[in-house]
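Chains as they are written, first to last, in my numbering: chain A, 1 to 215; chain B, 216 to 517.
What the hints contain is simulated information worked out from the structure, not anything from laboratory work. Treat the hints with care, since some could be wrong.
20 Å max Cα-Cα, derived SDA-like pairs, lysine to any residue [claimed, not checked]:
#	chain 1	residue 1	chain 2	residue 2
1	A	Lys60	B	Leu223
2	B	Lys359	B	Pro288
3	A	Lys70	B	Pro378
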Amino acid sequence: MSVGTIIGLWLAAGLTIIIFSFIYKDNPLYKFGEHLFLGVSLGYGWCIYYYNDIFPNAIKPLQEISQDSKNALVLIPIILGLFIILRVVPSLAWLSRFSFALYIGGFAGLAVPNVISGVFLPQLTSTINPLGPDWPSIIKQVVLLVGVFCTVVFFFFSWEHRGAVGKIGRVGILYIMVAFGASFGYTVMARVSLLIGRIQFMLHDWIGSMTGGGG
Amino acid sequence: MAEQQTPLQKMAYAILNLDRRIIFTLVFLCVTAPLIWPIGMDFTPTKEVIDAFDDIEALESGSVVLISADYGPSSMPETHPMYLALLHQCFRRGLRPVILTLVPSGPGLANRGLLDVLESENPDGSLMYPGLTEGVDYAFLGYKPGGTAVMLGLGQSFITTFPNDYDGDATSKMPLFREVSRLGDCKYIFDIASVGYPEFWVPYAAERENVPLSVCCTAVSAAQYYPYYQAGQFKGLVGGMKGSAEYEQLVGMEEILGKIPPATNGMDAQSVVHILIVLAIIVANFFFFVSRRWEASEGGRA
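All chains, full assembly: derive it from the sequences and hints.
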């Protein structure tokens, strides 16, 4: 194992312990770890955005403008981008409206047909499938259909939720509660998984590197 | 009330006012102990995971699979084992993965994982997948910001959307992209995501280009993605560390690695912590309701 890897392992293990120390109580070491994380994340993010986005899409085409005059077209999105930054200058903030209008209009034009044909209609079709072919499938489809109907009624606020509408809405709430329960159960599992991953690192990679069993 | 407490009442109030650090310690012990002394709890792959695995197995050798590794270190224990298992499956089946990432924290992990798989060795020390050439048998395109814009761009052309790969080599010079020029030429899309991109891969890529899509997501997102699986828009759904462990089992990662793979290794700890949480919920709720009855009866007497 290289010296760099060993230093990296100790650094990562030390920072893990520092961050976990918050579980006991807030302390200066935790604050240090938190600020270090924010600083490193910001620096990393900036480098990634610069080298993957700003440099190849804006700066490089401008540098090569003499080789290919079409590269001058890149000035249009650059200027529109600068208009957005001008929101911080109150007297020039209105210029950002042009950029947002273009962005929102363009994206809405792309999104509406794609989302309707690619998500909304297929989801609707799968909700109202013909019943069958066997009893378990029929039960599943009926439960699904009842759930969709009752939940939609619950979110229909033009009628007061009394009488039949209120009762259907109550069934809708039950379905929503089951969905929240499933979602919360999955969330607990996810958070435990992250803890497992960190302790796996501490046991197998860090302590394992000291005992010769690291990997 | 306090001077007349029975031992049961004392225990009940002690549990209801338990210092949260004791719970943290119990969770820590329940995670650590099974990782040091594995129990080997059995689990069976679910239909959602088997569907994804079977789809990849059914692809013809040489088919191109687009893998979008949209996750970062914060969800590594849940998603990275799946990425490694999928790459092993692809290379073992002679499939050609084209990997990209739409999250800025993704490229380092995705590249490391790819190198780990490419450098995998057989027990005799020989390379597990010898003779693989970048740009021919696989490609790693790196990170591109834009999300949906990238997906739509891939529908037009790989080369114009990613002029260079992660190492800076021109994709226009790669034989792989002369043969497979756009997303529609891929045989499968696999999105391994810790963010909301699977919902965007459906309308902007899979449905638009008519390419089947499977998804591996964090457990937090799994519940919201079931409607897509039920509608057939996700051919398979691998949810969280449990899903990754199931996929590891299907691919046979234990035989490949010669040790218990990471997600499978975490399943014992996951189960033990779940038992602890369920017990804590039952015990705390029992004493909560009992204590309310005690307080109500004492209030009535007063």
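Checklist entry - Taking 20 Å as the top limit, are the C-alpha atoms of A:Lys60 and B:Leu223 close enough? => result The given pair, whose Cα atoms are some 74 Å apart, is violated under the 20 Å limit.
Checklist entry - Is the straight-line distance between the alpha-carbon of A:Lys70 and that of B:Pro378 20 Å or less? => result holds (17 Å)
Next on the checklist: Checking one constraint from the list: CA of B:Lys359 to CA of B:Pro288, max 20 Å. Satisfied?
Outcome noted: Cα-Cα ~18 Å, so holds.
Against the hints set out earlier in the document, a violation occurs for number 1 only.
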